[in-house]
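Next come the chains, spelled out residue by residue.
Number of protein chains: 2
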Amino acid sequence: MTNKQQDRLSTDRALKQRARAVIPGGMYGHQSTFQLPSDYPQFFSRGEAGHIWDCDGNEYIDFMSSYGPIILGHRHPKVEEAVAQQLASGDCFNGPSPVIVELAEQLCERVSHAQWSLFAKNGTDATTLCVSIARAYSNKSKILVASNAYHGAAPWCTPVPAGTSDSDRAHLIHYQFNDIPSLEAAIELAGDDLAGILVSAFQHDNVVDQQMPTPAFAQYLRRRCDDLDAALIIDEVRAGLRLHRGASWELLGVQPDLSAWSKAIANGYALAAILGTEKYRKAARSVFSTGSFWFTAASMAAAQATLTLIDSEQVIERISKLGETFRSGLAAQAVSYDIGISQSGPAQMPLILFNDDSRDKKERGNFFCNEAIKLGLYLHPKHNMFFNGGHSEQDIQQALDICDQAFKALKMRYY
Amino acid sequence: MTNKQQDRLSTDRALKQRARAVIPGGMYGHQSTFQLPSDYPQFFSRGEAGHIWDCDGNEYIDFMSSYGPIILGHRHPKVEEAVAQQLASGDCFNGPSPVIVELAEQLCERVSHAQWSLFAKNGTDATTLCVSIARAYSNKSKILVASNAYHGAAPWCTPVPAGTSDSDRAHLIHYQFNDIPSLEAAIELAGDDLAGILVSAFQHDNVVDQQMPTPAFAQYLRRRCDDLDAALIIDEVRAGLRLHRGASWELLGVQPDLSAWSKAIANGYALAAILGTEKYRKAARSVFSTGSFWFTAASMAAAQATLTLIDSEQVIERISKLGETFRSGLAAQAVSYDIGISQSGPAQMPLILFNDDSRDKKERGNFFCNEAIKLGLYLHPKHNMFFNGGHSEQDIQQALDICDQAFKALKMRYY
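Quick note, the sequences are listed as chains A and B, same order. If you use numbering that gives the first Met the number 0, the first sequence corresponds to residues 0 to 414, in order. If you use numbering that gives the first Met the number 0, the second sequence corresponds to residues 0 to 414, in order.
A portion of the hints provided could be inaccurate.
As the list makes no split between identical chains, a pair holds if one copy fits it or if it spans any two.
As a list, the in silico BS3-like pairs of lysine-lysine whose alpha-carbon atoms are at most 27 Å apart [to be verified]: (1) 15 / 281; (2) 15 / 278; (3) 360 / 281; (4) 15 / 410; (5) 410 / 381; (6) 381 / 281; (7) 410 / 361; (8) 15 / 361; (9) 361 / 381; (10) 320 / 15.
Everything labelled a hint here was simulated from the structure, so no lab data went into it.
The shape of chain A in the complex, shown without the other chains (with noise of 0.2 Å):
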């Protein structure tokens, strides 16, 4: 590390200095840097339509949107005057605000399958309550699961077994993301059992390839779950609203019987919400789920304005056209510098993996994404990224200019 780099960086690392003291091993979950090279900040302070600035100042365009909750851009002006006008009347009551009926109707005009809507504060509330509710009905345990999809860090589903019992898992059974033999197989084993499947949105387990779902397996899991009278969970926390403006696999003609969402349903403030239909409704009212900020009315006015402004900035199209963009523009810059890569997923969502680089340490993903945050593009090595409508075109062009300069750089320490 030069001198300059340490500069750069001298508040994030005193800070982290000063975590490691009082947050055990610096920093949790997801957001740890722990597993980042080693030129990314840790802490930020500020963010503004495609641009965040870390606590030192240095300002990046930035491709993750926070894991994902910033769809509109940082800060938005109009979901910011949602949010404030809320707050001056207030936000956490003894019963919700207006804004929840008001809410739970656009939602429910929005998503297809909606016919009513509840409201947490987790990804993982959601995907939980889904899978309550799928048992509720139908009386039956097992929930079917595709290997490796990251639905919640709760102890059923966290993907890591630390803290968790074998009693946590008890009636969970894998399949094979997009194969039907393998869902076959797992239905066989859920004998008269089963209660549900669910399944993300589309494929994005961590450093592999994204992959759509297929048609032919959208609509095979809509009608062996009708055969069986079980659920459809669709977990779009991820996926949610960056796809289409109703529930992504309304894309494919595929109605779910529920539905988990959160991240970018508010454009950064805390919610999550589980839509379902009329068939699982009396389901959903006999689960007990609340939690003592489920019912606050600043995060559901975010989201009423987020929802609106997704459709009339046409942010769907826009990111989506950024995307691509970028995925040419860089696919065009690999092949000049004859650098095999992989861009899987969506555009607006993209993975970017090197070809031939190893499976945990992706030495040349990081130091590609290393020599990017340098020069002030956040990128993930590892994890899909997230288009926001704050990104403009200027900014993809700036970014395919960072990342030119990092192939360069790639290509003179690997190849």
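Since the structure of chain A is provided, determine the placement of chain B on it from the hints.
Same frame as chain A, but now just chain B:
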């Protein structure tokens, strides 16, 4: 119901009607008015200090404080200022803001047993993580919990069985609060698989008199956890920061290994915290704990301000004194009307029950509270209440005047 009362809640009734279409049962969780008397509004629009306004503009002295989160009073100006200042630069980034370190330091300075902190969004997140950390430390599974204690709404702890399966509670063993023989029996049952003992800061189960822990019970718990190398986990979600500036059992000279916090920690902003001792730091690091909004800055800025103000405004002393004034006044009224009541728990978190009331229906309690709500006082007939620092002595006097009228009506109706 008279016409006047119907008019009083006309907006609320119209909203409830709309809610029934888009929210299962019309509302869910602890903030549903489903089990409250008929004149309780479901929807609220404004809060200020010790008062709230429903969506029809009716004003109430608020003795529920949003079921706990409001500890300084609604919209305390310094908390609102801290939030607005953070929101002006942003809230949700690719990493936490420096405020996470400052807040963790503040909590570790403040709470005797705390040597590290993790942050989350729900009380349930915090209790669940404490259990996982105890299991990760010990590589054992059994957790002892007090019968009927509320520790959250996840499948392992929800009070309602719908949607859960046996395996969710496979490793829980029950004891009775304040009862050493029942605790020993539970320890015996756990055998060599005991990971931890979970206990509420005081017994605040629904619809039964609240109980403070006896010093002997608290000290015995600590000693047995030491003997068995099991984690003593205190659930501070409801009581935390209303009994003591640090952990509630510091008053008894007993330190837990792990503690779960939420509700009052940020005066209504969504935040939870897990605090623990050095011994459990490595285990805390090993458990994957995360959520999309667990790193957001504004609720942490709110918590910093809230903790400081709890001390500088002597909130615990003040709500305790106001609680005592209300308790004495109410007791004198009960005697004067010759109506038997029990007032249990700490004065700042009182539960009021009527003698000879039916266990399930609580007709007298419901009638009394329904009289009060019509006159502008928000009491709860079954759940403990929460005083906050926004309450004035005048609020307490006015509340007692309303209670006097409610007693009068109750006397005529039932005695």
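- Query: Can you tell me if residue 15 and residue 281 fall within 27 Å by alpha carbon in one copy, between copies, both or neither?
  - Reply: Answer is between: at 17 Å across copies they meet the 27 Å cutoff, but 49 Å inside does not.
- Should residue 381 paired with residue 281 be assigned to within, between, both, or neither, using CA atoms and 27 Å as the limit? between (41 Å within a copy, 25 Å between copies)
- Message: I want to check one pair: residue 410 and residue 361. Are their C-alpha atoms no more than 27 Å apart within a copy, between two copies, both, or neither?
- Response: within (15 Å within a copy, 76 Å between copies)
- Given identical chains, is residue 15 near residue 410, meaning Cα to Cα at most 27 Å, within a copy, between copies, both, or neither? neither (32 Å within a copy, 64 Å between copies)
- Message: Cα distance capped at 27 Å. Does residue 410 pair with residue 381 within a copy, between copies, both, or neither?
- Response: within (20 Å within a copy, 69 Å between copies)
- Within, between, both or neither, where residue 360 and residue 281 count as close if Cα-Cα is 27 Å or less: between (48 Å within a copy, 24 Å between copies)
- Message: At most 27 Å between CA atoms: does that hold for residue 361 and residue 381 within a copy, between copies, both, or neither?
- Response: Within one copy, since 8 Å is at most 27 Å while 57 Å is not.
- Message: As a check of your reading, is residue 15 near residue 278 (CA-CA no more than 27 Å) within one copy, between copies, both or neither?
- Response: Between copies only: 21 Å across chains, 50 Å inside a chain, cut-off 27 Å.
- Task: Check residue 15 against residue 361 for me: Cα-Cα at most 27 Å, and say if that holds within a copy, between copies, both or neither.
- Result: within (24 Å within a copy, 54 Å between copies)
- Task: Go through the copies and call it for residue 320 and residue 15: within, between, both or neither, with a Cα cutoff of 27 Å.
- Result: This pair counts as neither: shortest intra-copy Cα distance 38 Å, inter-copy 42 Å.
Violation of the numbered hints given earlier is confined to hints 4 and 10; the remaining hints are satisfied by the structure.
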